[in-house]
Each structure stands twice: as C-alpha cells, then as structure tokens.
Amino acid sequence: MEKTFNLIVNGIGGQGVITLLTFIDQAAMIQGYDVRSSELHGLSQRGGSVETHIRFGKKINSPLIPNGKADLIISSELLEGLRETEKSGKQTKFLVNDFIFPFQGSLSAEEIKKQFASNKNEIHIIPASQVCKEKLQNEIVSTVYSLGYAVAKNLIPIKKESVLKAIDQIVPEKYKKLNIKAFLLANDHE
Amino acid sequence: MNSKKILLGNEAIVRAALVSGVSYVTGYPGCPSAEIGDEFGKIAKENGVYAEYATNEKVALESAIGASFSGLKSLVNMKSFGINVCSDALFPLAYTGTKAGMVIVVADDPSCYSSAQSEQDSRGYAYLSKIPVLDPSSPQECYDFTKIGFDISEKFNTPVILRTTTRCAHQRAVVEFQEINPSTSSGPRKIGNFSRNPHQFSTMPPRTLEMKNELLEKIKKIQAYTEESELNPIRKPSASNGAGKISGKQNKIGVIVSGVSYLHVLEALEELKLDLPILKLGFFYPLPEQKIIKFIKPLKKVLVIEEMDPYLEKDIMQLAKSENLKTEIFGKNILPRTGELDAEKVCVALSKLTNKKFIAFKTRNLNLPKRTARLCEGCPYWYILPTVKRLAPEGTIFGGDIGCNMIGALPPHSMYDYMFCMGSSIGISHGIKKSLQLGSGQASEQKVISFMGDGTFFHSGIAGMINAVYNKSNPLMIVMDNRITAMTGHQPNPGMGKNLMGEDAPELQIADIAKACGIKNIKVLDPINQKEFEDTLKEFLEKDEISLIVCKRICALLARRIEKNKSN
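Chain order of the listed sequences is B and D.
Numbering-wise (our numbering), the first sequence opens with residue 1 and increments by one.
Numbering-wise (our numbering), the second sequence opens with residue 1 and increments by one.
Check the hints yourself; a few may be wrong.
Straight-line distance between alpha carbons at most 25 Å, and here's what the computed SDA-like set of lysine to any residue pairs gives [unchecked claim]:
1) K59/B - K236/D
2) K58/B - P277/D
3) K362/D - K177/B
4) K297/D - I334/D
5) K177/B - P277/D
6) K3/B - S49/B
Calculated from the structure, these hints are not laboratory results.
Computed from a predicted structure; not experimentally measured.
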C-alpha cells in the first residue's frame with residue numbers, strides 16, 4: 001500500500017469506539033504498517049460525540065487526519081456519521097450503524113437518512129446494533145461487527161486474519177469469544 | 001530486552017518510569033493524564049512500586065517531595081490545572097532541589113476537549129519556577145523523554161516537568177521500550193531513608209536568597225547541557241529531495257517547533273512538497289540559546305510553531321535581537337493562538353511564508369444539532385438537579401463545580417450561574433451571599449445553592465466550606481456524593497474506603513467533616529427519596545446559617561460494573 005490509509009471511527013461516548021480503535025491499530029501493526037491514532041477521553045465520553053483518527057501506511061507523521069482526507073468513516077450512530085459528511089472528500093466512504101441515540105433537538109433517523117441519500121459518497125448503512133442485539137444479546141460489540149463488515153466488503157486494507165490475531169492478542173480471555181463472534185457475524189451474513 | 005508495542009502516550013510514560021526505577025507514584029486524576037495513575041494502581045504491587053492518588057495536586061507534590069528527600073525516585077501526574085494547585089509547593093522545590101529523581105507530568109488540553117476552565121499553556125510555569133520543562137510529541141518521545149527526565153533530575157537534583165498535550169498523551173503509536181519482568185526484576189519495595197539536611201530542605205531567609213542564587217547557577221549548567229542535548233535535533237533538508245527546493249530569495253526559510261506540532265509540520269512539509277530545515281525543541285526550558293542562534297543566523301525567515309501561547313516565539317525574537325540578527329521571526333502573526341494546531345493550519349502559515357500555493361479544504365456546514373455531554377442513564381444526579389431547579393425560589397443563584405456535575409451547565413439542565421475550578425462553587429457562593437447581605441446584618445432573601453461532587457469536596461471544597469462557616473454566610477451546599485471520582489474514569493477518593501492500590505482505607509464521612517467544621521444543618525440522604533430531599537431543601541433554604549445536604553447515591557456506571565463483576 002503506497003498511500004496512507006485514513007480512517008475515522010466515531011460515535012457516542014460509551015459505544016466502544018476506543019476499543020475498536022485498539023483492534024484496528026493492532027491489526028494494522030500486524031500487517032507491518034506504521035500506525036498512529038488519536039482519541040479523546042473524559043468529558044466527551046459522557047454521552048457526547050467521540051471522534052478518533054486512525055492512520056496507517058508506510059510512514060505516518062501527524063496523528064490527525066486533515067479535513068477531506070479520510071478514506072473511510074466507521075460511525076456507530078447515524079447523526080454522528082452524517083456529521084462527518086461536513087468534512088469528507090470525494091473518496092471518503094461511509095459505514096454507518098443504523099442506530100440513533102437521540103437528544104433534545106436531534107434529527108430523526110428518516111431525516112438523517114434523507115440527507116445521506118443526497119450525498120454522492122459511497123455510503124453503507126448497516127443494522128449493526130440490531131444484529132448484535134438479536135444474535136449476541138449484546139449491542140456493545142456492534143462496532144466490532146461493523147469492522148467485520150468493512151473487512152468483508154474490502155472497505156479497509158486490513159485482512160480478516162489480522163483482526164482475529166489482534167483480538168487474540170489484546171482482548172482479555174473472557175471477552176475474546178464474544179468479539180470474534182461479532183467480527184465474524186458480518187462475514188457469515190453475506 | 002526491547003519490545004515494540006502500540007502504546008498510548010500515557011502508557012509509554014508508565015513504562016519509562018518503571019525502567020527508570022521509579023518507587024513512588026502520586027498525583028491527582030484528570031484528563032488527559034489520568035491513565036498514568038490508573039495504570040500504576042493496577043501494576044504497582046507486582047512491580048514493587050508504591051502508588052497513590054493524593055487528595056489534590058498540591059498534596060501529591062508534597063508527598064513526592066517527601067519521597068524524594070527520603071531517597072525514592074518519584075513520578076507525579078496531573079492535568080494542566082493541577083500545576084496551578086501545586087504551584088505553592090513547586091516554587092520552593094526548585095530552590096531546595098530534589099534528592100532522588102522526580103518527574104512531574106503535566107498534561108495540557110489545547111482546544112479544551114475535556115477541560116472547562118481555561119485553555120491553559122502550562123509551559124509558562126517554567127519561567128516562574130525555574131524548573132526544566134520537556135515537551136514530547138509522540139508516544140515514543142513520551143517514553144524517551146520520561147527516561148531522560150529522570151536522568152536530568154538525578155544529574156542536576158532538580159524536578160523535571162514533562163509537559164504533554166491531549167494529542168500526545170492520547171496518541172497511540174508503536175513504541176520501542178525496554179521490557180520489565182516483574183517476576184525477576186522486582187524485589188521487595190524499596191525502602192526510603194531520610195537523612196537530615198535542613199540546609200538543603202528548609203527554605204528560610206536568609207538562606208532563601210542563597211538558594212535562589214544556587215538555582216540560577218544550576219539553570220546555567222542545565223542550559224549548557226541543553227546545548228548538547230539529543231532532545232533538540234536539527235533536521236536538515238535532504239539534498240536528494242529535489243521536490244522540496246524553493247528558488248530564489250525564499251530558500252532561506254526555517255522552522256522551529258516543539259511538542260506534537262512537530263508531527264503536523266512533517267505532514268505539512270510533505271503536503272506542500274517543501275524541504276525546510278527544522279529545529280525541534282524537546283527542551284522548552286531552559287532553551288539551547290547558542291543552538292537557536294546558530295540555526296536562525298543564516299536564515300531570512302523563521303517560523304516558530306507552537307500551540308497556544310507564543311513563549312518560544314518571544315524568546316527567539318529576543319535572542320535574534322540581542323545578536324543583531326536580521327532574521328525575521330514569524331509565529332502567532334500567521335498562526336492561531338487559540339485551539340490546537342494541525343497540519344492544515346501549519347500549511348496555511350507555511351504557504352504565506354513561502355508563497356507556495358495551498359488551498360485549505362472547504363468544509364460544509366450542515367447546521368447539525370450539537371451533541372453535548374450528558375448525565376448517564378440512571379445517574380443519581382438525575383434525582384438531584386431537576387428537583388432543585390423545580391423547588392428553588394425564583395432568582396436563586398446556582399453554582400457549579402468540576403466533575404460530572406459540570407453537566408448541570410448543559411441542556412436540559414442549563415442551571416449554573418457560574419462555574420470555575422475544583423472546589424470553587426462554595427467559595428464563590430459565600431462571596432455572593434455575603435455581598436447580598438452586607439449592611440443588612442441578616443441573611444439575604446435571594447438564595448444561593450452551590451453544587452459539588454465528593455471528589456471535589458475532598459480536593460479543595462473543604463477550605464471554602466470552612467470559610468463560609470467562619471465568615472458567617474448562609475449558602476446551601478449540596479454535595480452530590482456518587483461514591484467515586486467519576487468523570488475522569490472512576491478513581492478512588494477518601495470517601496470510598498479504598499485506595500488506588502485496592503487496599504482498604506479509612507472511609508471519610510463528608511457529614512462528619514462538615515459537622516466538625518461547624519455546620520449545624522446537615523442532612524445525608526439518598527436523593528431517590530424525593531419527598532425527603534424536597535422537604536430538606538425547603539427547610540434548609542430558610543436557614544440563617546450555611547447548610548449542607550449530602551446526596552449519597554452510587555454512580556450508575558459503577559453500580560452496574562459491581563453488579564456485573566458479582567455475576568461473573
């Protein structure tokens with residue numbers, strides 16, 4: 001891979017955004033890439049928007065992705081996904097969890113989807129939360145499901161084996177099975 | 001043995017401190033530094049290290065001073081505002097110096113991602129305290145600079161401040177580090193040994209002024225050291241990279257940069273296909289003056305790139321002036337002083353200086369509703385804030401504090417009339433209440449209610465409470481005791497009965513402390529009992545003296561975690 005891959009993972013504090021970031025960082029390292037990522041903790045984690053940047057490739061300088069340069073957005077909430085279209089480039093692809101976490105003054109899912117539809121970017125809206133709730137009785141791994149989907153659909157230059165290895169290396173024993181299941185669920189689905 | 005792993009900047013600091021032989025870790029949790037103390041809480045015992053969270057940053061630093069004087073290497077961790085709290089102990093520490101090595105991590109938060117009270121550039125404390133400040137840019141540098149920080153501290157008997165920022169402390173990247181095997185390397189915890197040395201450890205005039213002169217001498221020596229230090233490398237333009245050449249009179253442009261901005265500069269130069277000489281300053285204080293002069297002398301223009309305040313820029317301008325150099329120094333005239341920097345902002349500044357064309361990316365504004373932080377599902381504060389808002393008489397003044405209760409300032413509560421720093425809600429509410437009643441000799445009609453959390457109460461709320469009792473004002477103080485320091489990631493505090501290393505500790509009762517401080521009207525209740533809470537509110541709002549309600553109910557996230565651990 002010649003060019004740096006720029007990935008933004010975002011969502012709401014508490015949705016497992018940072019956990020997913022650690023999986024992708026690790027998988028990218030396993031594939032021999034240089035990797036650098038940036039995340040936010042604290043106040044923003046209490047139900048606010050959380051945006052993390054992950055960059056991997058030959059040599060990574062800044063931990064922040066310049067506006068317009070993201071290759072992929074993995075968003076675990078509809079409105080947060082839509083928010084990223086404000087600074088997406090033509091090449092930016094979107095993988096958005098069909099899930100809404102409303103607040104006073106927020107938009108309806110229909111309105112958000114309408115706005116997505118008027119966008120020319122490649123956009124995948126997938127029922128990650130719903131599938132994980134139904135099949136695994138656990139919504140928190142929906143971000144991992146989304147990663148499985150991204151890998152299966154070649155939205156990200158990361159191999160299935162690398163993610164499985166990454167999960168094995170960094171997830172505590174008692175949560176390994178659940179994460180692997182969630183990751184593979186999107187593959188089985190297709 | 002060396003390992004390579006992806007580490008968070010804060011994790012890299014922990015690894016480096018272990019390798020440097022740290023024995024004593026103390027601090028106060030805050031974002032973006034909290035993972036340092038938290039991680040030590042988990043691994044201290046197996047590594048033969050003592051780790052604590054102190055009641056506040058001043059006490060933490062004092063604790064580390066005691067350890068240092070007793071011969072133990074120490075690491076102190078805090079967020080930006082922590083250095084304000086501990087500065088009273090920090091300045092005399094520069095005079096006495098340390099005995100065993102001490103590194104003080106201070107984590108700034110440009111753009112205020114998780115800081116409310118100000119966008120603080122803590123580097124300025126270097127000038128006030130005359131303590132060396134190191135400014136890393138990446139997790140690898142967090143590791144390297146912490147190690148070097150301990151070396152400098154031991155070599156010069158000075159504390160060293162490692163100043164990080166959010167994008168460095170919360171950056172993950174591959175770090176090469178020395179692996180420590182706790183099963184082989186750690187013996188029993190190292191025991192300190194205090195040998196009396198009042199000549200060095202006591203600041204007392206006329207010795208104080210002698211100490212000041214000694215400190216100034218020491219700084220001169222450290223300055224000589226920085227001139228040779230590997231922390232201030234010069235990156236020369238690569239001759240092979242023809243793409244980067246700019247022609248004519250503009251080829252004499254250079255960059256001086258510190259902290260995480262260095263990484264943005266590398267990105268920006270690639271983006272603009274420029275190849276400029278860079279002096280990267282890992283040392284913020286003292287500066288390698290001769291090196292800087294040598295670097296800027298042959299250049300026509302130098303761009304100084306630093307986040308927030310123009311400290312380096314001013315110093316470098318002064319140096320250029322004192323040497324009668326013609327070099328033009330640029331900085332905050334073409335870079336923002338507010339908010340963090342990124343590659344794009346650096347590109348804009350560099351393009352102005354080099355006349356290289358750069359068009360910033362045009363973002364679209366969809367006017368999407370902003371999602372702000374909010375109380376978690378089941379948060380005990382849901383039983384407190386709306387009730388108080390409903391029952392308080394028209395015109396009641398509400399004071400907020402730091403921690404999860406900050407969310408009371410945001411919709412749907414939007415309650416607070418003022419919000420400052422840790423523990424300040426009661427101090428300010430005393431001042432308001434006193435002002436409203438001055439001259440009348442009676443309690444004012446208009447009510448003042450101040451909120452704070454349990455962590456904040458122990459941190460610095462107690463002093464304000466005593467002041468309100470002693471100086472006789474009558475605000476209503478509500479301590480929202482959720483049984484933990486929640487906002488920064490669930491750290492233990494003196495009200496919990498546990499310490500950082502998971503040992504049992506005395507469980508301090510907020511009500512008992514308040515009683516001992518002379519508050520007569522005190523009620524401890526579970527706010528889920530709304531009737532009791534409402535009745536108490538009504539009763540206490542009529543009191544002529546200060547009153548206190550302790551709303552005691554466990555943080556919902558913590559309760560769920562305890563439940564989950566039980567079932568596992």
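Against the 25 Å threshold, does the CA-CA distance of K362/D and K177/B hold or violate the hint?
Roughly 44 Å separates the two Cα atoms, so the pair is violated.
Given the proposed pairing of K59/B with K236/D, does the C-alpha separation stay at or below 25 Å?
holds, 19 Å
So if I understand the rule, the pair passes when the alpha-carbon distance is 25 Å or less; does K3/B with S49/B pass?
violated, 28 Å
Hint check: K177/B vs P277/D, CA-CA at most 25 Å. Holds or violated?
violated, 51 Å
Hey, K297/D versus I334/D, does the alpha-carbon distance stay inside 25 Å?
Holds - the C-alpha atoms of I334/D and K297/D are around 21 Å apart, at most 25 Å.
Within a Cα-Cα threshold of 25 Å, do K58/B and P277/D meet the stated pairing?
holds, 23 Å
Hint violations for this structure: numbers 3, 5 and 6, all remaining hints satisfied.
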